[in-house]
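K.L.:
Here is how the chains run, residue by residue.
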Amino acid sequence: MAATRRGKLAYKILFCFLLVSLAPMGYLAYRLVNISQAALRKETLSMQESLAVGFADTVHKYVMTFKNVLMETAGLEEFSSMNPAKQQQYLNRIIQVHLAVLEISVINPAGAELLRTGRFLGANPEMRKFASEDFFIKVMSRGQYIGRLERFQRLYPALTIAVAVMDTKAKPPRPVGVLTAKISLNGLSSMLGMEFPPTGKSVASVVASDGFMIAHSNLEAYQPDARLSEDILKILRTQSEEKGGGDITLANGARLLGAYADVKGLDWIVYVQQPLETAYQAAAEMKSQTLSVFIWVFLVVILLSLLVAVYITQPIRILREAADRLGKGQFEDLPEIMMTDDEIGDLAQTFLTMSESLKEKTGELISAKRELEKFTKFLEKRVEARTRELKAAQDELIKKERLAAIGQMASVVGHEIRNPLAVINNSIYFIKTKLGASLESDAKIAKHIKIIESEIQQANGIINEILTYSRSRELKPERVGLDAFIEELLSVYPFPPHITVDKKLSASNPAVDLDITEMKQALRNIIGNAIEVMPESGVIRIRTAPGQNGSALVEVGDSGPGIAPDVLDKIFTPFFTTKARGTGLGLAVVRKVVERHQGRVDVESLVGKGTTFRISLPKAKA
Amino acid sequence: MHEGQQPKLLIIDDDAHLRESLAEVLELDGFECHQAGTAEAALAAAAKLLPQVVIMDIQLPDSSGFQICQHLRKKSKSTILIMMTGRFLSAEEKKQGFELGADEYFTKPFDLAELSVRIRQLLSRSRV
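Protein chains in written order, with the numbering used here: chain A, 95 to 716; chain B, 6 to 133.
Since the hints were derived computationally from the structure, they do not count as laboratory data.
Don't be surprised by glycine CBs; every beta carbon is placed ideally from N, CA and C.
Treat the hints with care, since some could be wrong.
Below, simulated EDC-like cross-link-like pairs (lysine to aspartate or glutamate); rule was C-alpha separation at most 16 Å, straight line [what the hints assert, rightly or not]:
| no. | chain 1 | residue 1 | chain 2 | residue 2 |
| --- | --- | --- | --- | --- |
| 1 | A | Lys528 | B | Asp34 |
| 2 | A | Lys453 | A | Asp427 |
| 3 | A | Lys526 | A | Asp536 |
| 4 | A | Lys570 | A | Asp609 |
| 5 | B | Lys53 | B | Glu37 |
| 6 | A | Lys526 | B | Asp116 |
| 7 | A | Lys223 | A | Glu207 |
| 8 | A | Lys526 | B | Glu32 |
| 9 | A | Lys422 | A | Asp436 |
| 10 | A | Lys526 | B | Glu104 |
| 11 | A | Lys358 | A | Asp151 |
| 12 | B | Lys79 | B | Asp116 |
| 13 | A | Lys526 | B | Asp108 |
| 14 | B | Lys80 | B | Glu97 |
| 15 | A | Lys528 | B | Asp108 |
| 16 | A | Lys570 | B | Asp19 |
| 17 | A | Lys544 | B | Asp116 |
| 18 | B | Lys99 | A | Glu568 |
| 19 | A | Lys526 | A | Glu547 |
| 20 | A | Lys614 | A | Glu689 |
| 21 | B | Lys82 | B | Asp108 |
| 22 | A | Lys528 | B | Glu32 |
| 23 | A | Lys673 | A | Asp609 |
Non-contacting residues of chain A with respect to chain B, defined by C-beta distances greater than 12 Å in every case (computed) [unchecked claim]:
| no. | residue |
| --- | --- |
| 24 | Ala204 |
| 25 | Gly340 |
| 26 | Glu371 |
| 27 | Thr384 |
| 28 | Asp489 |
| 29 | Gly508 |
| 30 | Glu510 |
| 31 | Ala516 |
| 32 | Ser521 |
| 33 | Ala553 |
| 34 | Glu568 |
| 35 | His592 |
| 36 | Asp607 |
| 37 | Gln692 |
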């Protein structure tokens, strides 16, 4: 049933809802997410960059602190002129104050080490010659030097800072020695470690441009020969900017977000990295949250749209159901139609009007159909009746034609047989006459002559019967009193003595128009049959009475053996006989005669009781 | 015609046996019988013999018995004309026959004694 379906319209509306509401929203969300993600990434990167820059600044300040200490010390007015003991005091003090200072020396302009104080040096350490050392030459010419990265005690990264000690009294001032110190850079790693704790995903390092690992946020991971990986180093070397960053894909496939910043005044780089997924975690989270929100919205919109669509299409579906029922001819028991205040309501109104009109028209059609059926039935009955009549007429005609043919043949045959019969009759008469008196002496010849005569009579009788039946004689009715006619007939009828005649006439003696000859013949035939079936004794009942519809009735009954039912309906058929000798025309003549008188003959018989013929004849019209 | 002389009869029928048997029976009864099988022969015989009685079948191969009857009646009013028939004649036909001059009808096969008596009756009347 269609009513159980949601209907295509509902789906169409649903689709429109989705298209109208979700598509722009989805597009907007997609764009927003993309923009936000880009912004987030940029932000993350710039944050990482600023961390790198900040730390580069820290490194710079760190190094500058020690340079300044040396500069201040070397710049002291007295320092150039101080005695070594005094200078030693200063050096000791510096070592005491600055834990990062591993070793500090004073070198004369000739490059010979004059004083050497170190945190890990024993008493009287070896005095070295620096005259040909690169840093010494540079510091003597430029006044200061920062460089010579090395692994102190093969482990800790250390830096050499040297400043020229100037004779301020000389014009122009001239270097009178060099103050040099070896600074431990371990503190940088500690600071990085604090800034980028190992629990976090970010890793930071300070490297020299040749890849020398100066500091690393993860101290544990720090190794004496630690170097920044060549991949990253290669990228960093190609950067021309002071700071920068971006996505990096390593040779092993790992993706990183890296940022760097040059350390001012040093050929060093601060490098900060974190895995890309960590860096963009926020962006990814935002994306997934947005997606889940979008899915929820999608589901809710679908649900709401479905409800709305069903709500809108409900009246249409009801209309459709009603139309279906109308289509099946069910005008009653239509579903309740909602009359909403919109086009659908208008449609419902139109539908109701239409259904009313349809109902009316259908009613008219049905009644017209019934009329037509009635009329058709009536016509059919008429046609049937007429057909029956025609059939009967045709049958009658066929019967008549057949009888006429029989009559014609019988007439010819009868005539042709009558001649030889006449010849035989003549001849036997001649013989009889010729023999005359001698016949009396020969009884047998006399008997046989009698047999021949009797047979001639019988043959003649048969011929007469056939010719009588087949003769197309014109009826010659005379008006007679029925009872008088019967009375006269019976009075001359040669009843044999063993037959009792039981006669009861009505005495009303109704007038009837009869062809006396034919009707007498008919009644004689019936009576003759009755006598024949009662060879020993019996009663013949004769009755006259008023019949139905103004007819007069003649009954002739016998107390004979009766006629079997299967024979009874054939007895009026011409040439049907049960006798050894008989034409089978006796009762056929009866029926023919009675019917010629517009009457009818019926027979009633009970086997063992007898047979009654009932002839009804129309009374004569006054 | 002379008294005591046998009355002359002419029997006309196309059936020879019938003619002969009838003639011989009537001869026993004292008639002088002549026969004819066709209308032509009958008329010739009638003209020659002048029979007092003519017994004829109403159906002959070359003519109808009534035509012969009519012809003979025209020739002689006294000749007794008896018609023989093998079929039923309607009242109309019989009436027509009487008007043409027929005296009597007999339907085959007939009672010869009756025929003989009837002929003599008619003869005695014609004589009167």
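K.L.:
For which of the previously enumerated hints does the structure constitute a violation, in increasing order of number?
P.N.:
9, 10, 12, 13, 14, 15, 16, 23, 29, 30, 31, 32, 33 and 34
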